[in-house]
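From first to last, the protein sequence lines are chains A and B.
So the first sequence is numbered by the working numbering: it starts at 495 and just counts up by one.
So the second sequence is numbered by the working numbering: it starts at 495 and just counts up by one.
Because the hints were derived from the structure by calculation, they are not lab data.
Some hints here could point you the wrong way.
Distance condition first, Cα-Cα at most 35 Å in a straight line; then the derived DSBU-like pairs of lysine-lysine [what the hints assert, rightly or not]: (1) LYS603/B x LYS804/A; (2) LYS522/B x LYS938/B; (3) LYS938/B x LYS620/A.
Given next are the chains, with one letter for each unit.
There are 2 protein chains.
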Amino acid sequence: MTSSLDWQAIHAELTGIETITDPQQLTKLSLDYYHFSPILQPQLADKRADLVVRPVNEAQVQQVAQVCVRHKIPLTVRGAGTGNYGQCIPLMGGIVLDTTRMNQILWIKEGVAAVEVGVKMAAFDKQARLQGWELRMYPSTYRTATLGGFIGGGSGGIGSINYGQLRDRGNVYGARVVTLEDHPRILTLRGDEVQQINHAYGTNGIITQLEIPLAPAYPWAEVIVTFGDFLTAARFGQALSDGDGLVKKLVTVCADPIGGYLTALQEFIPPGQSCALLMVAESSLDPLEALVKDYGGTITYQKRAQEAQKGTSLAEFTWNHTTLHARAVDPSLTYLQTFYFDLERVAAMYEQFGDEVMIHLEFLRVAGRAIPAGLQLVRYTTPERLGAIIECHEAQGCAIANPHTYILEDGGRKVIDPLQLAFKEQVDPYGLLNPGKMRAWGEKFDRK
Amino acid sequence: MTSSLDWQAIHAELTGIETITDPQQLTKLSLDYYHFSPILQPQLADKRADLVVRPVNEAQVQQVAQVCVRHKIPLTVRGAGTGNYGQCIPLMGGIVLDTTRMNQILWIKEGVAAVEVGVKMAAFDKQARLQGWELRMYPSTYRTATLGGFIGGGSGGIGSINYGQLRDRGNVYGARVVTLEDHPRILTLRGDEVQQINHAYGTNGIITQLEIPLAPAYPWAEVIVTFGDFLTAARFGQALSDGDGLVKKLVTVCADPIGGYLTALQEFIPPGQSCALLMVAESSLDPLEALVKDYGGTITYQKRAQEAQKGTSLAEFTWNHTTLHARAVDPSLTYLQTFYFDLERVAAMYEQFGDEVMIHLEFLRVAGRAIPAGLQLVRYTTPERLGAIIECHEAQGCAIANPHTYILEDGGRKVIDPLQLAFKEQVDPYGLLNPGKMRAWGEKFDRK
Ligand SMILES: Cc1cc2nc3c(=O)[nH]c(=O)nc-3n(C[C@H](O)[C@H](O)[C@H](O)COP(=O)(O)OP(=O)(O)OC[C@H]3O[C@@H](n4cnc5c(N)ncnc54)[C@H](O)[C@@H]3O)c2cc1C
Ligand SMILES: Cc1cc2nc3c(=O)[nH]c(=O)nc-3n(C[C@H](O)[C@H](O)[C@H](O)COP(=O)(O)OP(=O)(O)OC[C@H]3O[C@@H](n4cnc5c(N)ncnc54)[C@H](O)[C@@H]3O)c2cc1C
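Please work from the sequences and hints to get the whole structure.
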């Protein structure tokens, strides 16, 4: 509790806005999936908001912003709280602004949509598909996660094999942002300007609306292919990703024994087999079969789109859901996020670490090329050993987006983004937004 | 005239089928755009069919096949006759089978269509777009060229920046083929089997129907961007092609002075400027503008999809239409077809040949990567010099699909395709189909 504050006055100024103070609720709404990391676990477990607010529209957001500026209260924005690095955990308490009641779809046109940030991605997709469109990419948490949270704290996911990542030019068109200036304004960012708030962990303004480009909707069939040998499975994944005539949305490859952790898929991934979990256009199933044959794989599971939509999608066993399922079986496991860039490095790391680092590949486009990235499962022992594994990968040319830090620049970006820092100086002069997450800000201002 | 034949009997056996014997018509229906090549011009100018037939359905095609086998008449299939290498020119006379009356669209479903081979690509696209789909790729001759001719003699075109080429697995699903056996059969080829007739110049059976995958239809905006410097334009083309968040269909880059040959676009391409001719999704116009800015280009022409559909599409100034327009101004020009694979080679060739080989780039996907290919305009002097230019390109690692030969293997493929040869032995045991085009067949049988 930021106890020096006059909470009674604050509550009064928040009249008309839903507020939450129940301690159990505060706990739930202060945390995310930081516990995937044994490093973050002790660092973040006790962080709590003093108050959660749930505005229903932009005007209420502006009202909250005004209150925070007036009283200099830390403000952390929260979507569904499914981030993995404590992105939405309020390090210094204060107010958590929960966006989930701002969930209107404003419009869906030919290839573009405008939404309020709190809309869940699966709910959005359902609507968009009625008009023949869908999200270009979504995280495996799409059933609960919000679009605002994806832009604020995510990077890519199912669909990235076609469209790259959120950071790629053209994947976010526009945003409306409420500032934390003395008189909070509403800014409209367009085109490249959105990079100022893209993957900024909510340190650079409260996004209230987004304009996003869409992809044409296909009926996506879901397929599991098994292979006796992991590197063959990996080569198959690359070939499918590079197959220009094959329409796909998801190319996941898991080395044995990862399949064993995917309990619900047990019957389709026999022990000892590596597997590929795929989403391909129904109309690409025939050429897929031919490719599987070329690589000596076995199709053990195949659902056409309509059937796939009924049950749990294979998507919910990929990206960081693989980690989720594995940790459900063995909570001592943790993970890494790695760009291998090519299969030679995959093979080298596979050789070097064996079962200590079980390789889970996601293929995605980077600068026009499909490359293997990994969300490896790591048998965790000590922080030192984890650090050594990371160093060894980096020494061999892998790029690791470290998921064991809540600091923006220490994760994927690695460098301070002068654009984001400059924007923060403008929109959050008091450094109230998600304080402690942007290293550049801390270095520049907090130590003054 | 294959005068040893009993043409009276042949005509009688063709009863019910439209036949053409008028010499002017025979001339027109025996030739194609072979005259783009000063090498092919003298070799092919005097080749003529004895008779042209225009079947209206598969049964009539089978009837023609039967007649040809019985009398051992050479049979050359012709779509619209827009090939550039004399693919459909009957080297040994005989019958030309014109497919243009077989132009029914059989069905269009979610992402797949079945057609008779004589359908014009533009006509097909118009229908498909009503259902939200379009061809994955088409040549710049799409207004007149047939789908059968594209599969039989083409390779790729507008759309290849997304889907690669026709030869890539998954870009043709199925075909029905009439054989030239003693009792002509109808074969159904599916999946990889279609490679036996893909780009076979009609030497491997008469395709009557095709099943092809489609792409989702976008409203395509058309844009011209100019640059003071060719290599900057080329780098821009590569960046656009690699921009995973930008949806495009055509990325053409022409070095100065090629723009000067595109008479109808004169006002948009000032003298001294290199240019990019583009088709991008309307919803990608904003990020395109940002990219143009990054490369210092100037947008001189921009039409939204609806407007673009009214006039002549920019597509009709790209691929081999660039050559067409240039030759209309200066008939001494000819061309090459080159895979540069990367911009370093483009720069090296640009440096080395200057204005003798004016570089026209088409970006397309090959094995998952967008690469620069070229349809360079060559200031032709002698066959020796043309040969030397080709050799020099190849010596530096370019791959040239020589457009100055009518021999299948001497063009793009370079090697004998054992699959196609084996298939021909089966379906055309007498070697009647487009004789003289497949070197492997000639070497194996004609010299016996
Ligand atoms: C099992 C599992 C699988 C996952 N798979 C993926 C994946 O495939 N790809 C991927 O990218 N991520 C993945 N994630 C991470 C996360 O689920 C996604 O990034 C998700 O999109 C986050 O959405 P959220 O609504 O839960 O955001 P939150 O976790 O609530 O917020 C994320 C960040 O964005 C900020 N934020 C939220 N809303 C706003 C706003 N309106 N304005 C400004 N800032 C805001 C928050 O402050 C926080 O820093 C996964 C996580 C888990 C646990
Ligand atoms: C200005 C210009 C631009 C061009 N641009 C391109 C381009 O961008 N991309 C490209 O790939 N090509 C291009 N071409 C070449 C050509 O236009 C295309 O390949 C076109 O698709 C050929 O179709 P068509 O109906 O004219 O075929 P035709 O020229 O009539 O036939 C082509 C070949 O296919 C065979 N064939 C035709 N129908 C059948 C059938 N039913 N069964 C078996 N074999 C058959 C013929 O025997 C012949 O060998 C261009 C040509 C010109 C003149």
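(message) Checking one constraint from the list: CA of LYS938/B to CA of LYS620/A, max 35 Å. Satisfied?
(response) Violated, at about 59 Å.
(message) Does LYS938/B sit within 35 Å of LYS522/B, going by the straight-line distance between their CA atoms?
(response) Roughly 32 Å between the alpha carbons, so the hint for LYS522/B and LYS938/B holds.
(message) Checking one constraint from the list: CA of LYS603/B to CA of LYS804/A, max 35 Å. Satisfied?
(response) 23 Å, holds
Comparing the model with each earlier hint shows a violation of hint 3 alone; every other hint is respected.
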